[in-house]
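Listed in order, the protein sequences are those of chains A and B. Numbering-wise, our numbering puts 39 at position 39 of the first sequence, and it's gapless, one number per residue. Numbering-wise, our numbering puts 428 at position 428 of the second sequence, and it's gapless, one number per residue.
Incorrect hints may have been included.
[To be verified] Residues on chain B that point at chain A, a partial pick, calculated with CB under 8 Å:
no.: 1; residue: 48
no.: 2; residue: 49
no.: 3; residue: 477
[To be verified] No farther apart than 25 Å at their CA atoms in a straight line, the calculated lysine to any residue pairs in the SDA-like style are these:
no.: 4; chain 1: B; residue 1: 29; chain 2: A; residue 2: 147
no.: 5; chain 1: B; residue 1: 111; chain 2: A; residue 2: 387
no.: 6; chain 1: B; residue 1: 29; chain 2: A; residue 2: 126
no.: 7; chain 1: B; residue 1: 111; chain 2: A; residue 2: 355
no.: 8; chain 1: B; residue 1: 29; chain 2: A; residue 2: 111
no.: 9; chain 1: B; residue 1: 29; chain 2: A; residue 2: 201
no.: 10; chain 1: B; residue 1: 29; chain 2: A; residue 2: 149
no.: 11; chain 1: B; residue 1: 486; chain 2: B; residue 2: 396
no.: 12; chain 1: B; residue 1: 29; chain 2: A; residue 2: 321
no.: 13; chain 1: B; residue 1: 29; chain 2: A; residue 2: 198
no.: 14; chain 1: B; residue 1: 29; chain 2: A; residue 2: 205
no.: 15; chain 1: B; residue 1: 111; chain 2: A; residue 2: 121
no.: 16; chain 1: B; residue 1: 29; chain 2: A; residue 2: 325
no.: 17; chain 1: B; residue 1: 29; chain 2: A; residue 2: 151
no.: 18; chain 1: B; residue 1: 111; chain 2: A; residue 2: 149
no.: 19; chain 1: B; residue 1: 29; chain 2: A; residue 2: 185
no.: 20; chain 1: B; residue 1: 29; chain 2: A; residue 2: 196
no.: 21; chain 1: B; residue 1: 29; chain 2: A; residue 2: 322
no.: 22; chain 1: B; residue 1: 29; chain 2: A; residue 2: 160
no.: 23; chain 1: B; residue 1: 111; chain 2: A; residue 2: 196
no.: 24; chain 1: B; residue 1: 29; chain 2: A; residue 2: 55
no.: 25; chain 1: B; residue 1: 29; chain 2: A; residue 2: 59
no.: 26; chain 1: B; residue 1: 29; chain 2: A; residue 2: 206
no.: 27; chain 1: B; residue 1: 137; chain 2: B; residue 2: 287
no.: 28; chain 1: B; residue 1: 29; chain 2: A; residue 2: 202
no.: 29; chain 1: B; residue 1: 29; chain 2: A; residue 2: 355
[Unchecked claim] Examples of chain A residues toward chain B, derived with CB under 10 Å:
no.: 30; residue: 275
no.: 31; residue: 278
no.: 32; residue: 282
no.: 33; residue: 302
no.: 34; residue: 303
no.: 35; residue: 337
no.: 36; residue: 353
Read the hints as simulated data drawn from the structure, not as lab findings. Backbone N, C-alpha and C fix where the C-beta goes; we use that ideal spot for every residue, glycine too.
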Amino acid sequence: MVDYAGARRRSTRVRRLEEGAEAFARRFDWVLFGSVVALVAYGLHLVAGITRDDVAGSPDYYVIRQAVYAAVGGAAMLGASLIDPDLYRRYWRQIYAVSLLLLLLVIPLGTEARGSQRWIGLGSVTFQPSELGKLLVVLGVAGFLAERARRVGEVRTALGTIGLVAVPALLVFVQPDIGTSLVYGAALLAMLFIAGARWLHLGVILSIVALTGALVVWILPSAGVDVLEPYQRDRLTAFVDRSHDPQGASYNVQQSILAIGAGGVRGRGVDNATQTNLDYLPEHATDFAFASLAEQRGFIGAAILLLLYLLVVWRGLRVVTYASDPYSAIAAGGIVFALMFQVFVNVGMTMGIAPVTGIPLPFVSVGGSSLVTNLLAVGVLQAIHARGRQR
Amino acid sequence: MASGGNGRGSGRFLPPDPRVVEPYRLTPKLALRLAVLGAITLGVFVVLFLRLWALQVLSGDQYLRAAQNNQLRTIRVEAPRGVIRDRKGRILVGNTAGIAVKLWPADLPEKGRYQMLKRLGKVLEVPAPRIAREVDKRAHDPLNPVVVKENVTRAELFYLSERRDEFPGMRLVKSSVRAYPYGTMAAHVLGHVGEVTEDQLKKRSYAELVPGDKVGQAGVEAAFDRYLRGTPGLDRLRVDSLGQPRSDITPLKLSTPGNDVELTIDADLQFAAEHALQHGIQIARNSECYGCWNANGGAIVAMDARNGEVLALASSPTFDPRVFVGKPNPWRLRPLLNSNAAKRRNYPGLDRAIAGVYPAGSTFKPVTALAALEDYRVSPYEALPCTPSYTYVGDNGVPYLFKNWNPYVNTAITMPIALAWSCDTYFYELGVRFYKLRSSPLQQWAKTFGFGAPTGLELGPEAPGLIPTPEWRRNYFKDPIEKLWKPGDSIELTIGQGEMTVTPLQLARFYAVIANGGRLVTPHVFKDVTNQSGVSIVPRPTQPTPKKIDVSASALQVVREGLFRATHDPDGTSTAIFSSFPVEIAGKTGTAEKWSSEYNRYFDQAWWCGYGPNDAPEIVVCALIENGGHGGTSAAPAAREVLANYFHVKANEVGVASSSETD
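For reference, chain A alone in the conformation it holds in the complex (with noise of 0.2 Å):
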């Protein structure tokens, strides 16, 4: 008997892990799985080509490490499609106080780059944490939005809600990284839109969104106060006139257009692509990593990166209608459109459509903090699919 009920208690909780993986496995989001290791795996055979030449003596350099970035990120998407997306909801609130207290962090820790200060060392890896901090954001004011659903159309919840993604964007623009500032405020737009804030306050703030834009750009210049670094605002001027000072801040478009260009229909090969591998495009294995990929593998090689891209965004948005909560919809459209955000805004960017900032291409550029970050949301989105509603 002893055995008997032991055996029938083991194989209970056989039957029961048998019973829920095969019900994780039925409401996992395979199609949304597939593709975004489709993306990461063609971002690997795309950054082999694009950093063969940029360490001398070891082609496989940027490979490597990124492809042990595509594990680690990996596991964490694996582990973050089991958790429960209602333990976020539930600690919101720290999850919120992490991100801060990541970005300040960044401030006394943070090792400078390139003119920034974005980045904090941790023993032979760097951590990039307004990276996480995008996710970690969104999660925590998707909380927030959640807690205020039935309350959203009044105007003290949209203004919480702007004050509550000000403060991380605000942080993160001072470093100064005005991209991933940017992405902060298109998931906000995205949350309170899923969240149903009302037409009238989205329509308010996207014109204070303009108005800012100009303000900082045009009129506060014009009187003396510049509220951005001059490169950046080069940047802004180059993006308006190409022809503005080839040498400098419209160099980089013009020779990742030039890039591009080349690339034709079947692209320049490996070997052929001069402006990656003469240096011509800067950055090509990170910002302008688009740039680089289309110079060698043309047209089609870009085309098939994009739609894998329109995939997965296709894929998130669908999570989101199978939400059982608000707070998974809220976070789910928050992630899928930060996510759209950057994509356009980096192809953009080196195509000449959007103006130069130092956003990475999701899944392809090298990066680890971006590349596990991106991975994760896609874990949160696939726990949110798998808890979702019956279909």
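Start from chain A and add chain B according to the hints.
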């Protein structure tokens, strides 16, 4: 989710229970918002795809070409300039091969650029801000190199070639720079080479040049730049974005050296003229005349009287043309470019032979003589009084007194004697006769003889000088009294004083008219241009033809007699200098009073103009010593040295000349 059915079920019959939490579901409102997000996403991707399509598929070929050119650097291979020779083939300006340091602004590092320029500047002893300024100027043309220094020393060359990697964007390029075997000789004539200026680049004749190319900027170098300048070659090089070469240099086009220009200048005579000029200045300084301590400049023109070939053109003070070689040091150019610095050194950059203007003084008297004879104001052997002073009584009865330079004379003389003695009152009388006419025959003749206008020498800029006319006075002056042409104006003009000014070259040209029997030559220094094989490439004849002047041979003969007497009669003004000269020389002294605003008084400018041999003149020489006192004191001895060189007269054959106080 189990409660979902209950909520819905209860809602059908009862009002909603506030305690029951409505389950979250896809409301139409949320669906609409998601649809909006989906539409935005689709729109964004459509935009990205279209832009990608436009770049890669529609204009891919064009960008591919641009990307291929991105890494190619075309290097202009400077062509050596042609050599400048004198009339006997001696090299006046040659070339030496050197190494130039050039910077390609496109290849300079973005970061630490100024630090690199600073290090480079320190090595080459060129101020870094100046390099940075020139690099900045090329911001819109970053593929065209900036020359930092030409002709680097061996030590600099070794240092830089060993540390090429530390100076991205820098390349050491073969260059050829000007060399001057005769040192400072003929610096004004030869001119210099310099980087083409922005204004020049806009001209059509410099269309094929790019910034940094060198062109003649003055003198012969500028006048015959089209011959001397070669055609640069082109080399091609593949570089990476740091400017480091990735391939060997492939020549695309070979450079063609410039053609050689042969001048009419005679190096020996030029040397003698410059030496004579210094000699003349020294004589003036040693003499006791008032203001002669200030003798510090002058000019000598030696010209073939028959055809206008300029044999020597000296101007003092001069400068070392080597200050312009390579990349000039602005400090050393200051005396030539900065007006204050130039004034302190008495304007060394001014070519006094062609651009210095002075009153002609008595050297102008032959013009008066010819004009009076041709206009029938006087007959050649009509005796006019030569007195210590001349009084002109105007219409209002007021007498004006004009002094003769020689107060110890009182006799009537004919024109040749008047020229020989340089008697002022004789010419005053002619001036009064001219004044009474409505036309201005003296000015007309002066114009015919080439005064008041540039002579047409290839070098420049020339000063036109000035021959005042009643009309000129009317237009030039504002004051109603000054506007009037007065008898004194006519009288002073006859002896080359008043407002009139001439250049030494104009005067030499006029004396050539006397010497060659009435032909106005165009002074020129161009003789021939030959290619690298020594074959002339210009179709002959290239020499400007002299212009026949309608002046009677008899009048010329009278003036020639006067000029010969001036150098040979016992009372001739430069007899002391030329009477014992083995070749018969004829010529006229001049002492021109020129106002010095610095000292607030008149200083005497010493002139001597003449030609030889008297019966068949070959050479005409004009010498001017600034503040040199009397013409016979300093200018005539200087001119004699030039003539001695031309006629190969040794110093001991020349009679020892004591300076004579003559005009």
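**OP:** Sort out whether residue 287 of chain B lies within 25 Å of residue 137 of chain B, counting only the CA atoms.
**Re:** Violated. Residue 137 of chain B to residue 287 of chain B sits at ~55 Å, over the 25 Å cutoff.
Subject >> Distance restraint between residue 29 of chain B and residue 321 of chain A, which requires alpha-carbon spacing of 25 Å or less >> reply: The hint holds at about 12 Å.
Original post:
Does residue 111 of chain B pair with residue 355 of chain A here, judged by a C-alpha cut-off of 25 Å?
Top reply: With Cα atoms ~22 Å apart, residue 111 of chain B and residue 355 of chain A stay inside 25 Å; holds.
Original post:
Are the Cα positions of residue 29 of chain B and residue 147 of chain A separated by 25 Å at most?
Top reply: holds (19 Å)
Subject >> chain B contact restraint for residue 302 of chain A - C-beta distance below 10 Å >> reply: Since the shortest Cβ distance to chain B is 6 Å, the answer is holds.
Original post:
Is the Cα-Cα distance between residue 111 of chain B and residue 387 of chain A 25 Å or less?
Top reply: Judged against 25 Å, a Cα distance of about 52 Å means the pair is violated.
**OP:** Classify the hint on residue 49 of chain B as holds or violated, based on whether any CB of chain A lies nearer than 8 Å to its CB.
**Re:** holds (6 Å)
Original post:
Under the criterion that the straight-line Cα-Cα distance not exceed 25 Å, is the pair residue 29 of chain B, residue 355 of chain A satisfied?
Top reply: Roughly 34 Å separates the two Cα atoms, so the pair is violated.
Subject >> Interface hint for residue 353 of chain A, Cβ within 10 Å of any Cβ on chain B >> reply: holds (6 Å)
Original post:
Between residue 111 of chain B and residue 149 of chain A, does the CA-CA distance stay at or below 25 Å?
Top reply: violated (51 Å)
Original post:
Taking 25 Å as the top limit, are the C-alpha atoms of residue 29 of chain B and residue 59 of chain A close enough?
Top reply: Measuring from Cα to Cα gives roughly 52 Å; hence the hint is violated.
Original post:
Can we keep the residue 303 of chain A interface hint, with Cβ of chain B closer than 10 Å?
Top reply: It holds, given that the least Cβ distance between residue 303 of chain A and chain B is near 7 Å, below 10 Å.
Hints 3, 5, 6, 8, 18, 23, 24, 25, 27 and 29 from the earlier list are contradicted by this structure; the remaining hints agree with it.
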